[in-house]
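Go ahead and model the full structure; you've got the sequences and the hints to work with.
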Amino acid sequence: MHPLRTLILAAGANDAVRRLVATAPVSRDVVRRFVAGESTDDVVDVTARLVADGLSVSLDYLGEDTTDERLAEQTVQAYLRLLDRLHVDGLSARAEVSVKLSAVGQALDERLALDNASRIAAAAEQCGTTITLDMEDHTTTDSTLRVLAELRRQWPWVGAVLQAYLRRTLDDCVALAGSGSRVRLCKGAYAEPSSVAFAHPHEVDLSYVRCANALLAGRGYPMFATHDPRLVAVIAERALWYGRKPGSYEYQMLYGIRPDEQRRLVNSGEAVRVYVPYGEQWYGYLMRRLAERPANTAFFLRSLVGRS
Numbered sequence: 437m438h439p440l441r442t443l444i445l446a447a448g449a450n451d452a453v454r455r456l457v458a459t460a461p462v463s464r465d466v467v468r469r470f471v472a473g474e475s476t477d478d479v480v481d482v483t484a485r486l487v488a489d490g491l492s493v494s495l496d497y498l499g500e501d502t503t504d505e506r507l508a509e510q511t512v513q514a515y516l517r518l519l520d521r522l523h524v525d526g527l528s529a530r531a532e533v534s535v536k537l538s539a540v541g542q543a544l545d546e547r548l549a550l551d552n553a554s555r556i557a558a559a560a561e562q563c564g565t566t567i568t569l570d571m572e573d574h575t576t577t578d579s580t581l582r583v584l585a586e587l588r589r590q591w592p593w594v595g596a597v598l599q600a601y602l603r604r605t606l607d608d609c610v611a612l613a614g615s616g617s618r619v620r621l622c623k624g625a626y627a628e629p630s631s632v633a634f635a636h637p638h639e640v641d642l643s644y645v646r647c648a649n650a651l652l653a654g655r656g657y658p659m660f661a662t663h664d665p666r667l668v669a670v671i672a673e674r675a676l677w678y679g680r681k682p683g684s685y686e687y688q689m690l691y692g693i694r695p696d697e698q699r700r701l702v703n704s705g706e707a708v709r710v711y712v713p714y715g716e717q718w719y720g721y722l723m724r725r726l727a728e729r730p731a732n733t734a735f736f737l738r739s740l741v742g743r744s
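Be aware that the sequence shown starts at 437, since it is given in the numbering used here, and climbs by one per residue.
Honestly, I wouldn't trust all of these hints.
Ranges between beta-carbon positions, derived for each pair [to be verified]:
{"hint": "1", "residue 1": "Q513", "residue 2": "T575", "range": "22 to 32 Å"}
{"hint": "2", "residue 1": "L544", "residue 2": "E716", "range": "16 to 26 Å"}
{"hint": "3", "residue 1": "G705", "residue 2": "D545", "range": "37 to 47 Å"}
{"hint": "4", "residue 1": "A635", "residue 2": "D525", "range": "40 to 50 Å"}
{"hint": "5", "residue 1": "G683", "residue 2": "G564", "range": "17 to 27 Å"}
{"hint": "6", "residue 1": "R666", "residue 2": "E586", "range": "28 to 38 Å"}
{"hint": "7", "residue 1": "D520", "residue 2": "P592", "range": "19 to 29 Å"}
{"hint": "8", "residue 1": "Q590", "residue 2": "D664", "range": "14 to 24 Å"}
{"hint": "9", "residue 1": "V702", "residue 2": "R666", "range": "30 to 40 Å"}
{"hint": "10", "residue 1": "D525", "residue 2": "D551", "range": "26 to 36 Å"}
{"hint": "11", "residue 1": "K681", "residue 2": "R506", "range": "22 to 32 Å"}
{"hint": "12", "residue 1": "Q590", "residue 2": "R468", "range": "19 to 29 Å"}
{"hint": "13", "residue 1": "E586", "residue 2": "Q513", "range": "35 to 45 Å"}
{"hint": "14", "residue 1": "Q510", "residue 2": "R699", "range": "26 to 36 Å"}
Keep in mind the hints are simulated off the structure, nothing from the lab.
For glycine and all other residues, C-beta sits at the position ideal for the given N, C-alpha and C.
Structural data, given as structure tokens:
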């Protein structure tokens, strides 16, 4: 792993660094480049603007590693309020939600996480939209896929996320490439041992392309989460190879990252979905985004010292 990425991920677990970032005078404005705000009103306003620009949206209420049933319930209620607002505001056709199982009780009990995710899926169905289960570190992969399989018994449109840096992921892509299966492919943003994950960026890129081929060759709906211009171009070429038309797959990018490219793709006829996080628990999310792209880190550090 790149030394800078290791350092940033370590900072994500450091309370002193967290307090420094959270209390720095310019932090709130900087964070809002990557996080849509802390409230339902904030994120619905951002969603409406993105949808007006022709983009679709996946909304993530930030929070993870919940070890308290009360906090898990608060997360469920936040999603239920959000889904209701999306429906009332006429946005649910273009905006879904992304759910981390660790935020709804996975560390406490897998059945609790399944029950809570089921409540969110049922609400999403009533509101005319979908949910996608976010993937986290490799220790939760099997559990997350088990919950996914159970949810898909009733809601076959529940989306999965697979991470190309894991050595197992090509097999998982093949298994999940069936008809109607929605799969988001990303590179991965957690610190993982080399025994389970590719360590070199080139290896990760090769794995991403292999996994993309497997998804495009299947009968599902692939969702390619990447900002890498090389991979964006490769996906376009491979989609043509497999006879995929725009709309039978989509690109996904993070809120605040390459917004001009997002709009360029939309204007060229591609389907693009923006992953939009919101909520008070933004610090861990922000650290993983900085670890993914050195350019993000440079922007954030310049802002903290008042030069951007």
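Each hint tested on the structure:
1. Q513 - T575: 22 to 32 Å: 27 Å, holds
2. L544 - E716: 16 to 26 Å: The hinted range 16 to 26 Å holds for L544 and E716, with Cβ atoms some 21 Å apart.
3. G705 - D545: 37 to 47 Å: Given a distance of about 45 Å, which is inside 37 to 47 Å, the answer is holds.
4. A635 - D525: 40 to 50 Å: Holds: the Cβ-Cβ distance is about 44 Å, inside 40 to 50 Å.
5. G683 - G564: 17 to 27 Å: Holds: the Cβ-Cβ distance is about 18 Å, inside 17 to 27 Å.
6. R666 - E586: 28 to 38 Å: 37 Å, holds
7. D520 - P592: 19 to 29 Å: Distance hint for D520, P592 holds at roughly 23 Å.
8. Q590 - D664: 14 to 24 Å: 36 Å, violated
9. V702 - R666: 30 to 40 Å: Roughly 20 Å apart at Cβ, these two residues miss the hinted range, so it is violated.
10. D525 - D551: 26 to 36 Å: 28 Å, holds
11. K681 - R506: 22 to 32 Å: Roughly 47 Å apart at Cβ, these two residues miss the hinted range, so it is violated.
12. Q590 - R468: 19 to 29 Å: 37 Å, violated
13. E586 - Q513: 35 to 45 Å: Violated: the Cβ-Cβ distance is about 22 Å, outside 35 to 45 Å.
14. Q510 - R699: 26 to 36 Å: Check passed, 35 Å falls within 26 to 36 Å.
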